[in-house]
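**Student:** Kindly generate the complete structure, drawing on both the sequences and the hints.
There are 4 protein chains.
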Amino acid sequence: MEKKEEYKYRGHLWFAMRPGVGRLTEPMAPEFQRAEKGWEKTPPYLAYHIFDKVHTVMLTEQGIIPRSDGAAILRAFREMEAEGVVAARVRVGGVDHSGEAYLIERLGWEVGGRIHIGRSTGDLATVSQHITQREYVLEAMELLTSARMALAGFAEKHVETIWPMYSPGLTVYGSGYILQHAQPMTLGFYAMAFLNQLEREQRKLEAAYDLFQISPAGSAIGTGTDIPGFDRHRTMALLGFDALYRNCYDAEKHEWYTLDSFAVLLTLSHVISGLFYDLLVYSSNEFGLVDPADRYCGTSSIMPQKRNPTALRFLADLTVNVKSRMLGADSVDGMHRSWTDINNGLRMIPGILGTLKVDSSRAEELAGAHWAGASDLASAVVREKGLSWRTAHQIVATLVRVSVERGVKPSQVTEEHLDEAATMYPDYGRNLGLSTQIIQEAMDPRKMVYRRTLIGGPAPVRVLEEIALSQRKIEEDSVYITEKRRKLEKAAGDLEEAIDRIIGI
Amino acid sequence: MEKKEEYKYRGHLWFAMRPGVGRLTEPMAPEFQRAEKGWEKTPPYLAYHIFDKVHTVMLTEQGIIPRSDGAAILRAFREMEAEGVVAARVRVGGVDHSGEAYLIERLGWEVGGRIHIGRSTGDLATVSQHITQREYVLEAMELLTSARMALAGFAEKHVETIWPMYSPGLTVYGSGYILQHAQPMTLGFYAMAFLNQLEREQRKLEAAYDLFQISPAGSAIGTGTDIPGFDRHRTMALLGFDALYRNCYDAEKHEWYTLDSFAVLLTLSHVISGLFYDLLVYSSNEFGLVDPADRYCGTSSIMPQKRNPTALRFLADLTVNVKSRMLGADSVDGMHRSWTDINNGLRMIPGILGTLKVDSSRAEELAGAHWAGASDLASAVVREKGLSWRTAHQIVATLVRVSVERGVKPSQVTEEHLDEAATMYPDYGRNLGLSTQIIQEAMDPRKMVYRRTLIGGPAPVRVLEEIALSQRKIEEDSVYITEKRRKLEKAAGDLEEAIDRIIGI
Amino acid sequence: MEKKEEYKYRGHLWFAMRPGVGRLTEPMAPEFQRAEKGWEKTPPYLAYHIFDKVHTVMLTEQGIIPRSDGAAILRAFREMEAEGVVAARVRVGGVDHSGEAYLIERLGWEVGGRIHIGRSTGDLATVSQHITQREYVLEAMELLTSARMALAGFAEKHVETIWPMYSPGLTVYGSGYILQHAQPMTLGFYAMAFLNQLEREQRKLEAAYDLFQISPAGSAIGTGTDIPGFDRHRTMALLGFDALYRNCYDAEKHEWYTLDSFAVLLTLSHVISGLFYDLLVYSSNEFGLVDPADRYCGTSSIMPQKRNPTALRFLADLTVNVKSRMLGADSVDGMHRSWTDINNGLRMIPGILGTLKVDSSRAEELAGAHWAGASDLASAVVREKGLSWRTAHQIVATLVRVSVERGVKPSQVTEEHLDEAATMYPDYGRNLGLSTQIIQEAMDPRKMVYRRTLIGGPAPVRVLEEIALSQRKIEEDSVYITEKRRKLEKAAGDLEEAIDRIIGI
Amino acid sequence: MEKKEEYKYRGHLWFAMRPGVGRLTEPMAPEFQRAEKGWEKTPPYLAYHIFDKVHTVMLTEQGIIPRSDGAAILRAFREMEAEGVVAARVRVGGVDHSGEAYLIERLGWEVGGRIHIGRSTGDLATVSQHITQREYVLEAMELLTSARMALAGFAEKHVETIWPMYSPGLTVYGSGYILQHAQPMTLGFYAMAFLNQLEREQRKLEAAYDLFQISPAGSAIGTGTDIPGFDRHRTMALLGFDALYRNCYDAEKHEWYTLDSFAVLLTLSHVISGLFYDLLVYSSNEFGLVDPADRYCGTSSIMPQKRNPTALRFLADLTVNVKSRMLGADSVDGMHRSWTDINNGLRMIPGILGTLKVDSSRAEELAGAHWAGASDLASAVVREKGLSWRTAHQIVATLVRVSVERGVKPSQVTEEHLDEAATMYPDYGRNLGLSTQIIQEAMDPRKMVYRRTLIGGPAPVRVLEEIALSQRKIEEDSVYITEKRRKLEKAAGDLEEAIDRIIGI
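Residue numbers (my numbering), protein chains in the order written: chain B, 1 to 505; chain W, 1 to 505; chain C, 1 to 505; chain V, 1 to 505.
For each label pair, taking beta carbons as the anchor points, the in silico distance ranges come out as: (1) C:Lys41 - W:Pro19: 23 to 31 Å; (2) W:Pro19 - C:Val90: 18 to 26 Å; (3) W:Pro19 - B:Glu476: 55 to 63 Å; (4) W:Val86 - C:Lys41: 15 to 23 Å; (5) V:Arg501 - B:Gly354: 51 to 59 Å; (6) V:Gln62 - W:Arg203: 31 to 39 Å; (7) W:Pro228 - V:Val404: 27 to 35 Å; (8) B:Gly354 - W:Thr42: 51 to 59 Å; (9) V:Thr25 - W:Lys487: 54 to 62 Å; (10) V:Arg34 - B:Val479: 48 to 56 Å; (11) C:Val461 - B:Glu81: 40 to 48 Å; (12) B:Glu420 - W:Val402: 47 to 55 Å; (13) W:Thr414 - B:Gly288: 24 to 32 Å; (14) V:Val404 - W:Val86: 38 to 46 Å.
Quick caveat, the hints were computed from the structure, so don't treat them as lab data. It should be emphasised that the depicted structure is a prediction, and the values quoted were computed from it without experimental measurement. Here a beta-carbon is modelled for each residue, glycine too, at the ideal position from N, C-alpha and C.
**Tutor:** Take a look at the structure:
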């Protein structure tokens with residue numbers, strides 16, 4: 001037997017996927033493996049650690065604890081870093097109070113027990129949650145940027161790929177996923193709808209970032225402390241925050257900012273799931289429009305032919321999970337779980353789109369096959385014959401019904417067919433005399449698309465302009481994100497310098 | 001212009017649907033129109049009325065109010081019935097207390113004001129809710145019986161209609177709707193899975209009915225009354241209930257029995273939505289498996305070709321609506337809204353199934369086209385050549401992959417193809433020598449189905465037995481339902497007799 | 001009998017509330033009556049009407065329909081306005097297409113049937129939904145401004161009212177409503193926490209407003225039209241929108257902007273419900289801290305003493321209803337229902353706060369009674385005796401436990417008690433020697449509050465600064481809101497002028 | 001420093017809780033520690049193992065795999081048991097296919113690869129889920145029995161403890177938690193309301209158990225297998241199931257039975273949370289009615305006085321968590337998480353109730369203090385003076401209002417006060433002449449309770465009968481549960497005997 005490690009890349013079905021044989025030709029994509037793991041509940045030790053250091057620096061600078069004790073504490077934290085912050089904190093126990101536990105172990109109750117003055121378990125929770133959530137948001141913005149670039153590139157590649165539109169209505173597990181052919185578009189135009197929405201999502205992420213950049217440090221359990229000299233501006237600056245909660249009770253209302261995460265997760269997840277639920281349906285054999293790479297698929301222990309689009313399903317499921325998780329008393333866990341899933345999902349998008357096989361001839365065939373051109377035929381009747389929209393619409397509707405009953409396809413419709421329908425129509429009752437050529441041009445899916453040059457229309461010339469506009473926005477947003485990242489790095493540097501000063505390096 | 005009433009049968013698109021022309025040939029089904037209306041919030045006046053009468057009879061019989069006053073009150077209620085109960089109660093106002101309002105208007109404060117002794121607004125709420133919910137359940141059982149009969153008939157008709165199975169996993173807006181071909185089955189077998197589940201739903205409805213048949217009458221606001229002689233058994237019997245809440249505070253816990261409705265709505269709606277969400281997908285042009293009748297479809301004001309399967313969508317949406325409505329503080333309204341939708345949905349099922357066009361040749365073609373026979377080929381390799389399942393499974397998986405890459409279809413696979421795959425497989429590495437005939441028979445979708453005669457399998461001979469069994473269950477359940485209905489009619493008759501006695505008729 | 005109209009002001013319990021007698025002394029507040037009615041499902045006829053006129057003006061100006069037909073249509077709409085827009089549209093039927101129905105009735109199929117060119121039912125839905133939702137948001141901002149003013153005034157009035165804090169944790173139906181005494185604050189400080197959060201909610205409403213100010217008009221069913229000359233900028237301007245959807249398929253994704261409403265409703269409702277759920281609990285006899293006016297209360301048909309704080313309950317329930325309603329396939333209805341409830345709720349806030357009776361001596365008594373001063377005693381031990389926080393904290397915890405066991409109240413604690421606890425503590429083991437005066441001053445609730453002058457603290461001097469800051473923000477936001485309102489009025493004026501020009505007035 | 005293990009019993013606040021000092025006197029209860037851990041996601045290895053053995057036995061008995069191979073496989077599983085089933089399966093990997101992975105490692109592809117014939121990953125999922133869920137239900141019934149016994153004992157102890165009733169309406173995070181005094185009851189009577197509901201929950205658990213006792217084994221991926229001789233009755237019997245799914249596609253519909261769990265979790269969690277949310281409120285200092293033991297409480301790192309009723313909160317939160325978890329695509333995880341929480345919650349109930357301190361004098365004082373006797377005074381007026389209920393009710397409501405305005409307490413009301421109110425009332429307008437003694441007896445909370453001897457009333461004599469009845473039901477249900485447990489043990493024994501026969505022991 002070969003070593004089983006070789007097969008392990010497919011998880012529980014390892015024995016069904018020996019290299020070189022079997023249904024699938026690639027190992028699971030690493031980012032997909034990461035996504036399947038999901039959030040693992042663990043205390044935010046690094047955030048506690050930063051806050052422990054910042055709080056000690058401020059207490060020492062303000063003379064609230066003796067300078068020598070402050071230096072001893074900060075030196076102990078440096079040693080903890082040498083050991084490994086997470087490892088050391090897990091070892092001593094105490095979770096959010098692991099910093100104090102470590103200090104008491106090393107420095108005794110009288111020095112180590114000084115750290116908690118002027119703050120509460122509440123501070124540890126709110127500060128670490130703000131740090132964690134701002135990082136979620138910042139990472140989401142970075143990953144979203146890559147996903148937007150991938151989507152823009154995908155749109156550019158498919159700006160002329162004729163694509164059927166299915167009646168949108170309300171989508172994704174909501175209502176109205178009726179899968180009936182509306183008018184033809186292009187795959188590039190379709191992709192741009194999601195990209196435009198993701199641009200609005202970037203704005204929402206920025207607004208959310210600002211909300212998590214308000215410092216709760218020093219609010220204790222809701223009224224702050226009576227210790228004189230306490231400096232909330234200093235802790236704000238060293239933690240990299242931009243502003244202060246100006247009311248300590250406000251700062252302690254955890255659910256408010258948990259919901260601030262959910263508010264943005266709600267819409268962002270919905271857009272992503274909407275796109276990938278579509279792709280999931282389009283990847284069925286019956287639709288046959290797209291095909292994800294093996295690295296994003298699973299298979300079966302019994303059916304040798306199975307290639308399940310499991311990564312698409314992961315993305316399609318994001319939004320119902322987000323919605324459900326905001327409702328429980330355990331919604332803080334649900335928030336962490338959701339951010340993890342969203343960011344893992346965003347991380348997969350460039351790879352999935354970059355390797356997606358698209359069957360453009362199948363798409364163009366479907367786009368023309370199911371009378372999706374009927375509305376433009378009505379439009380032609382209005383333009384050429386001066387009829388009102390309603391009359392033209394009803395004559396064409398009659399034409400479609402009669403044709404479907406007789407098995408006449410859109411590509412076979414002639415002047416005579418239309419005349420017959422016009423004659424059947426009570427308020428018209430005579431031939432229309434629209435030539436077969438005009439009829440066929442009206443209903444040609446490619447021509448329908450190219451005629452739509454209005455703002456917001458699918459004509460390639462128009463969509464290319466929008467892609468260029470979107471690419472400029474990506475560049476602008478990248479600058480914004482980089483600045484935010486730099487500000488956090490600056491604050492981290494300032495903190496270490498302040499520590500150096502106190503411990504006398 | 002014709003009179004617009006003629007077109008109104010299509011609701012807001014009336015002008016797009018003049019009779020005899022346009023896309024659709026039928027008016028909306030009346031039960032579909034009813035379903036679209038949904039629940040209209042209105043007090044349960046008839047339930048209040050019955051309780052008002054029952055309470056008065058008991059008070060009078062027990063001597064708690066003077067016999068002459070009791071007779072006056074009951075006579076007034078008879079007059080109210082002549083006027084029309086709902087109309088009279090709306091006229092006097094007072095909602096749940098409309099009975100007392102009417103009596104005070106007619107008989108003055110001293111006689112009319114007697115009715116409320118020993119009961120509370122809480123009694124009015126709980127008694128009327130029990131009456132309303134038991135009626136929802138009883139009606140659901142009646143409508144479910146018709147739906148089950150329709151489904152059994154549909155299954156019988158399609159017991160030999162070969163049908164593709166799509167990977168189930170978790171379904172309906174949940175997760176795992178991956179639309180990949182699993183093994184072939186028949187449409188009749190598919191329908192029977194839902195019918196079997198609906199049989200279990202009937203059991204749940206029966207259990208729910210028992211819960212709503214416990215009488216809360218006389219529990220007042222949670223401790224009952226201190227008025228001597230109060231007879232809760234008498235009100236129980238006249239209201240048609242089967243048992244008593246043996247603790248008045250228990251009887252007042254409204255949410256308990258609101259949730260009892262949701263518990264059964266949760267699973268019943270899920271089964272219905274699962275079936276009709278499938279049919280919605282199958283009705284797309286790309287799947288092309290089923291086609292609902294025009295009377296269950298909508299169209300478009302702009303796209304003349306549109307035939308939207310709106311009734312299927314209504315049924316597919318039931319379950320997410322039920323789930324969401326159980327969560328709010330307004331969940332009592334949500335419960336009424338949900339029962340109304342469920343019963344309206346059940347009412348449509350016989351019509352939809354009875355008029356559904358099924359494309360059985362398309363279905364058989366799809367069932368054979370996408371390597372759904374691969375697992376039975378592996379099975380044949382095990383049987384004929386004695387290989388282990390895993391080895392056979394991996395050789396066939398290799399065969400499928402290579403064939404897909406080369407464009408070889410299942411129907412074109414020969415002994416040589418399989419030998420090549422077996423030779424590629426490291427632990428086998430030689431020809432298998434399975435004849436082309438055995439290969440093709442193994443993968444023939446019809447033969448796959450007919451071979452599966454095990455209990456629970458799709459072979460027609462087996463499914464016909466199950467249909468017969470299910471039909472017998474429908475008959476048995478009909479007897480149960482009829483008995484429940486008769487018991488309620490008997491109680492209503494007893495009440496009128498008791499009133500006759502008091503007012504001296 | 002008096003005329004029952006006199007009692008009707010209490011709804012279903014009219015006969016229990018004759019003027020001048022009974023439990024309650026006031027009729028229900030009119031805004032509370034309005035809130036109880038809730039959303040009544042009705043098509044947005046006025047929004048359809050504006051769009052019908054705007055669309056016709058653009059078609060006529062661009063020569064897409066003959067000028068004479070355009071003039072006839074616009075004249076007909078003026079006549080409709082004389083009749084009453086809603087009445088006329090209800091009369092002719094057709095819901096979203098009621099404009100076309102009316103025109104066809106008056107002008108026949110050939111003129112009336114022209115209006116729908118270049119748009120779809122989708123346009124009618126998206127445009128009317130954008131108009132409706134921007135109005136919800138604008139009204140919410142206006143009502144929120146009044147609520148914020150009321151809250152600022154309330155805070156000012158109670159800036160010195162000592163108030164107990166109850167452990168916040170996560171609140172409102174979530175988790176952690178544990179009702180244990182934390183440190184004392186003031187009622188004004190408490191109110192300001194909510195006001196600060198509402199300031200952030202104003203920012204979210206502004207962001208939401210921008211999202212609803214993007215014009216979907218002309219996106220038809222997702223690809224726009226092929227009619228030449230179509231001018232989306234013109235319709236945008238006349239509808240008062242600020243920008244265009246630059247992709248018509250994007251514009252048709254209804255759920256996206258339904259969720260944009262829910263995202264802001266989610267957090268806004270949560271803040272309101274959090275405040276009023278607290279007040280509901282505080283209004284119980286056991287807490288006895290606040291008492292809402294009779295006009296915001298209900299009573300009972302059986303218990304003469306009942307005064308139920310039903311308006312507080314309405315506000316406390318907002319958030320669970322919002323959360324549940326976003327989950328269903330019927331979430332568009334849920335969105336309308338939720339905005340109606342939120343705005344009705346906001347409308348009640350000034351009245352409720354303005355009439356709320358506050359028992360400040362009860363509050364100060366509770367604030368001091370349950371050892372809420374213990375943390376400041378630990379703080380005093382640190383300051384006066386140089387102990388570490390942890391040692392001081394544990395000595396005081398021991399003091400509290402022993403005192404509770406012996407029935408010693410906080411106001412009775414002396415130097416000797418504290419010495420005993422310090423002696424019991426293993427790492428200290430001797431007397432502390434902190435004077436009874438210092439002990440009592442440390443735990444005095446009023447002094448605790450006045451000592452907390454840090455930013456974010458409850459000291460009156462600090463809170464008064466925050467109130468002034470908040471009042472300035474209200475003024476600034478009022479200017480913003482007024483400008484938005486004016487811009488909409490300007491667009492409405494422009495539309496009428498354009499119509500005048502076409503019909504030749 | 002002492003060894004920190006000594007303090008660890010308080011989790012993250014270990015340093016705040018040194019033995020013998022600090023606020024709390026007891027370590028956390030072990031069942032509370034277990035509850036805080038919650039569900040840890042792990043594959044159901046033991047269920048896979050049983051199914052692996054059962055499947056192999058059936059295949060061997062039926063001659064589907066060679067007897068020698070079957071014996072080798074079963075011997076290997078015996079060796080796996082010697083190593084430890086979970087450890088061995090974790091070591092080889094493969095999750096649900098860990099059995100096959102182990103066999104292939106030991107016996108090679110040709111023998112080990114035989115096990116999976118005639119079943120699928122789907123079988124492994126459905127069978128293991130049925131086994132897991134039936135165990136959840138059975139354990140729930142066992143724990144519920146203990147909780148019911150504890151509740152019956154608690155009720156018996158408090159059958160004469162006068163207790164205030166707070167207006168129920170809809171409760172627990174729903175709506176209507178208005179905390180206004182209704183009529184007095186006893187704590188025993190209150191407890192019995194929950195016990196009666198839990199008896200109905202036992203019926204629901206029994207119905208759920210039956211649903212999980214249907215065997216899906218052999219349904220493969222929805223159509224069963226074409227391998228001849230496959231015996232689903234044999235696997236059913238050896239797995240301890242009671243019936244067969246008679247349609248293999250039905251058996252594969254996972255969500256159906258996931259929802260069957262949620263349906264029962266929905267109502268069961270609601271009852272438990274309703275009770276403990278009440279107790280949480282009652283444990284506040286302001287209510288002061290109950291006090292949980294230290295072992296069920298937490299404390300604070302900053303506030304030395306804190307005693308947080310965290311176990312009550314855990315139980316109060318159960319129901320919102322259940323509701324939210326049923327909505328996601330990850331609802332299978334949510335189901336496991338919810339059963340774990342519910343059973344952990346049930347396990348705490350006897351301990352919490354058994355150690356709960358009850359302040360019965362405070363309760364009796366509250367029960368009489370807030371005019372809760374007013375309805376019985378109205379009742380006395382009816383009985384003694386023959387007035388109608390409505391007139392009596394309004395006179396007493398007037399009395400209450402006037403008394404509250406003047407600061408007259410219920411215990412101070414005299415004949416004169418009532419006469420004044422009666423005189424004020426327009427339809428009466430004269431003295432009533434009801435003696436002060438009758439007035440005071442009517443409103444005495446203890447007498448109110450003892451007068452209510454009707455069925456469902458709180459009089460001790462009545463409640464004692466109900467307790468006896470409930471205790472008999474507990475005994476009956478215990479027999480039922482024991483029988484279920486025995487049947488499972490019998491099946492496990494049969495399986496080992498069958499294995500012995502095959503491997504020749």
